[in-house]
Every structure is written in structure tokens, then in C-alpha cells.
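Asks: Listed below are the residues making up each chain.
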Amino acid sequence: GIQVEQSPPDLILQEGANSTLRCNFSDSVNNLQWFHQNPWGQLINLFYIPSGTKQNGRLSATTVATERYSLLYISSSQTTDSGVYFCAVVYTGTASKLTFGTGTRLQVTL
Amino acid sequence: GAVVSQHPSWVICKSGTSVKIECRSLDFQATTMFWYRQFPKQSLMLMATSNEGSKATYEQGVEKDKFLINHASLTLSTLTVTSAHPEDSSFYICSASLAGRVHYEQYFGPGTRLTVT
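Residue numbers (the working numbering), protein chains in the order written: chain F, 1 to 110; chain D, 1 to 117.
Simulated from the structure, these hints should not be mistaken for lab results.
Heads up, some of the hints might be wrong.
Simulated coverage check for chain D against chain F, where a stretch passes if three residues somewhere in it have a Cβ under 8 Å from a Cβ of chain F [claimed, not checked]: (1) 19-29; (2) 89-97; (3) 109-116.
Part of the chain F face toward chain D, derived, beta carbon under 8 Å [said to hold, decoys possible]: (4) Gln33; (5) Gln42; (6) Leu43; (7) Asn45; (8) Tyr48; (9) Tyr69; (10) Tyr91; (11) Ser96; (12) Lys97; (13) Leu98; (14) Gly101; (15) Thr102; (16) Gly103.
Here are the computed lysine to aspartate or glutamate pairs in the EDC-like style, where the Cα-Cα straight-line distance is at most 20 Å [unchecked claim]: (17) Lys41/D <-> Glu15/F; (18) Lys54/F <-> Glu105/D; (19) Lys20/D <-> Glu105/D.
All residues carry an ideal CB built from backbone N, CA and C; glycine is no exception.
Please take these sequences and the hints and turn them into a complete structure.
Replies: Put into C-alpha cells, the structure is as follows:
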């Protein structure tokens, strides 16, 4: 099956700093989503981004499907950004099944 | 929009008993719902895919007789953990797919934390 690797696995930032999270996948995909899992376990949809670039406030994402990677940018980080960030893909031929990446655990400190 | 609820949010049960977890799409109809399992500090693993009115499709290694899934309506899917054992303790999360609207974008419930004693 498809491999979805995220980097870095862990990240500690001071409030106000910027960061880039990376998601590499090993096969062609039809769908890519970024999620934030908060400390209570709720997954929050950030972006649906099978290709191209999107922005939502302090967050933006870019997927280059031909090179099999996606990036999530967090600017001016806040303590509420803490949690785990997952990318997840639907790879070609698997209908709508999401395969989750390994995750990046982010801690934003004061 | 696209809100998914789960009930209960946490449950403690004794070994050998069964537990039912409900997943509801509150403001949309979900032709497809998914059940995931997440162990501490790990990623989500898909357990099964359920389509309304048909049998669930289980991922390799998931015991279908132990994890019973029913998707009786377009807004409700249930997962029953039968004869639970301590190794079944985990965080169970459901999602629902807006297929036909945004190419299979999935929305997730808040999860159910199961502890088997």
C-alpha cells in the first residue's frame, strides 16, 4: 500500500514563530487532507488540497502531486496551535479510503 | 456544516462485555462512513468502511465478528465491540464522507475512548 511519511515528527516552537510541516507520499493520490488533532482527540479539517495552494488565515498549504508531497505552513504560531498535525491521502484505486501519515506533534510555548 | 457526533465520548466496561458506539452525521447525509482506531501517540488506522444499507468492508487484520458495524440509515452508523478485552482499549473515531460534493472529503467525530478492565 501507499506510504505516507511526515516530517518533522516533533516540533517545539515559541509563540509567534513560523513553521513548515511536510508530507511525502509514495504513490499517486486523488485526495489529500490536512488535519489538526487537538489535545482532546478531535480531528479538525484544515485543508482539502489534492493539488495547488490554499490559504486560511495563518495557515496555508501547497500540494505538488507530480512530486508527491504537500506542505503545511503555520505563521505566527499560537499556543492553541499545539497538537498533532496529520496529512491523509486517498490513493488512486482505493475509492474514498484515507491513509493517514505518521503525524507531526507540535508544541507552541510562551 | 458537516458536523459528525459520536456517543458515548468515553466508556469503561468489564472484560467480556459488549460496547456499542454511535456515529451520526448531524447536518448532512453520509452514504459512506468510516471507523478508525488510534492507539496512544500513534496515527489513525482504518478499521472498516460502511455504506448505507450494505455490509461493511473490513481492513485486513480486523476481525469482523468482533467489531460489528451497522449502517442502517444515511445519518447513523454503529460499531459494536463484542466480548471486549483489555487489548481492545483504544480511541475509536468515526468519519463521514461527503461523496459527490467535494470528492470524498471526510469529516470526523470527536472520538470515543474505550477502556476495558
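Asks: Which numbered hints turn out to be false for this structure?
Replies: 1, 9, 10, 17, 19
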